[in-house]
Structure formats: structure tokens, C-alpha cells
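As they're listed, the protein sequences go chains A and B.
When we follow this note's numbering, the leftmost residue of the first sequence carries the number 1, and every step to the right adds one.
When we follow this note's numbering, the leftmost residue of the second sequence carries the number 1, and every step to the right adds one.
What the hints contain is simulated information worked out from the structure, not anything from laboratory work.
Note that this is a predicted model, so its numbers are computed, not measured.
The reader is advised that the hints may include incorrect statements.
Unchecked claim - Per label pair, the in silico range of CB-to-CB distance:
hint : chain 1 : residue 1 : chain 2 : residue 2 : range
1    : B       : Glu40     : A       : Ala22     : 27 to 37 Å
2    : A       : Phe75     : B       : Arg28     : 39 to 49 Å
3    : A       : Gln102    : B       : Met1      : 29 to 39 Å
Unchecked claim - Reference listing, derived: stretches of chain B covered by chain A, where coverage requires no fewer than 3 residues with Cβ under 8 Å from a Cβ of chain A:
hint : stretch
4    : 6-13
5    : 24-30
6    : 38-47
7    : 56-64
Ideal Cβ positions, reconstructed from N, Cα and C, are used throughout, including at glycine.
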Amino acid sequence: MALLRGFNPWVIVFLGMAFFHAWRASLEDFLIFGIAAVLIMTQVFGLTGKGFKQQPQFKVLPIGLVVIAAGLVMFFTERHGVWDMVVLLAFIPIGIMLLLYQDDRVQQVPTLQVLRSRWIWGVWAIGFALAELVAYLGSKIYDDLDTFPTISSLLDPALDNPLGRAVFIVFWLISGVYLFGVRRR
Amino acid sequence: MSWPVVIIASYLIFIVIGIALAGIGKLRPDALAPFSEVVEYIMQHRITRIATFMVWWWLGWHFMVGETIR
């Protein structure tokens with residue numbers, strides 16, 4: 001019975017992604033999704049009770065300063081460089097602090113509209129991922145990224161530009177602030 | 001139509017659909033809950049928080065640090 005709990009949909013998705021990245025010989029992506037699968041399994045198997053009592057909240061000023069600083073680093077340093085790595089790795093402890101709080105004992109009951117919206121957004125995300133997968137598989141089979149452009153290959157020219165990198169990181173961080181509710185409550 | 005056109009068009013169509021869904025959620029919350037409400041609901045669960053964070057963080061890593069595999 002305990003083993004069956006391991007068949008949480010998120011575990012399946014992340015293990016699937018880990019094996020997919022192992023197949024495409026991307027060691028770092030394999031490690032990221034593999035570690036994520038292990039982390040999720042620790043939660044599935046009952047370690048959900050540990051953590052902060054509630055989520056820390058931040059004021060606009062420190063959030064803005066972090067976003068601007070990350071944007072400046074991306075603007076003035078080379079893509080794929082050590083500083084990009086440092087900035088990205090810095091967000092792991094920040095993420096742990098922001099997300100490892102205890103779930104409320106009483107959970108919100110979703111409305112019909114929320115359930116409908118969750119399904120529709122889920123189908124949208126899977127569809128988008130499948131479009132990317134078709135492009136990726138085509139580019140591998142025919143060894144031709146021009147005929148089968150992945151999102152990465154399309155964004156590469158913009159992200160090779162300092163301004164493009166700065167804009168990307170700013171939008172990426174703003175989406176994180178929104179998704180993880182750093183300013184929500 | 002050639003493959004590049006089909007693939008790029010499919011990305012654009014999904015982006016447009018995403019914007020439309022977000023708009024419908026804002027304008028007709030009685031039909032479709034706004035995206036922010038869905039996010040607030042799913043983020044109640046720590047497993048979803050971890051999963052979402054890992055995907056979000058991976059996107060940053062993938063585009064900024066990782067090399068595009070050709």
C-alpha cells in the first residue's frame with residue numbers, strides 16, 4: 001500500500017522527465033529532475049509535516065533589488081558562465097525558504113470554476129510540451145534544428161544578447177514571485 | 001506548409017490560447033476561474049509547490065546556464 005502512494009502523478013512526471021533527459025544525454029537535466037522526483041517522494045512518503053510554520057513574506061523593495069541585481073548580472077556577464085550559475089544556484093535556498101512551510105490543516109475546497117480552470121490549464125501545458133517534444137524529436141531524427149526548431153533554439157539568438165538575457169531573467173523572477181506567492185498574503 | 005512554419009505556428013497558437021484563457025478568467029470568472037485563483041489553490045499542497053518550483057527553476061537554468069543540445 002505504501003508503495004502505491006509512490007505512484008503520485010508528480011512522481012511519475014518527474015521520473016519520466018529524468019529518464020527523458022538521460023536518453024537525450026543531458027546529465028544536468030537528468031540530475032535536476034531526478035532530485036526533484038526524490039524530493040517529491042520524500043513528501044509523498046510522509047515528510048510533509050516538517051518545515052516552517054508559515055511562508056515568509058517580503059516587501060516590494062527587497063524583491064525589486066534582487067530582480068534588478070539579477071538582471072544586471074545577466075547583462076554584464078557571459079551566457080552559460082560561472083556568474084549565471086551563481087545567480088541560479090542562489091535561488092535554491094531562497095526557494096526552500098519560501099516553499100517548505102507547512103500545509104494548512106484546513107484546505108480550501110475548490111469551486112467548480114477552479115477545477116475546470118485547473119484542467120484546462122493542465123491540458124494547455126501538456127499540449128505546449130507536446131509541440132516542443134515533436135520539434136525536439138524531429139530535430140534529433142533528422143539532425144536539423146532549422147527545420148524542427150525547439151523553443152530553446154528559437155530563443156538562443158535573443159538570449160545571446162545581454163539585453164535579452166536581462167529581460168528574460170527579470171520576467172522569469174517576476175513569474176516566480178507571482179507563482180510562489182511571495183507577496184500574496 | 002513547411003515544418004518550421006507548422007512548429008512555430010503551434011507555439012504561437014499556444015501562446016495566444018494562454019493569453020485568451022487568462023483573459024476569459026479575468027472577464028468571466030463565473031465560467032473559468034482566474035489563473036491566480038488556480039495558482040493559489042494548487043499551491044496549498046507542498047508537493048505541488050516543490051514540483052512547480054523545480055520546473056520554474058529548471059527553466060531558468062536551462063535557458064541561462066545549460067547549452068542547447070544540437
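Going down the list of hints, with the structure as the test:
1. About 35 Å separates the C-beta atoms of Glu40/B and Ala22/A, a value consistent with the hinted range of 27 to 37 Å.
2. Take Phe75/A and Arg28/B: their Cβ atoms lie about 40 Å apart, and the range 39 to 49 Å holds.
3. Look at Gln102/A against Met1/B: about 52 Å separates their beta carbons, and that is not inside 29 to 39 Å.
4. Counting residues of the stretch 6-13 of chain B whose C-beta sits closer than 8 Å to any C-beta of chain A gives 4, which meets the bar of three, so the coverage hint holds.
5. Given as covered by chain A, the stretch 24-30 of chain B passes the check, having 3 residues with a CB less than 8 Å from a CB of that chain where 3 are the minimum.
6. Counting residues of the stretch 38-47 of chain B whose CB lies closer than 8 Å to any CB of chain A gives 10, so the stated coverage by that chain holds, three being the minimum.
7. Against chain A, the stretch 56-64 of chain B contributes 9 residues with a C-beta closer than 8 Å to a partner C-beta. That satisfies the three-residue criterion, and the hint holds.
Of the numbered hints given earlier, the model fails hint 3 alone.
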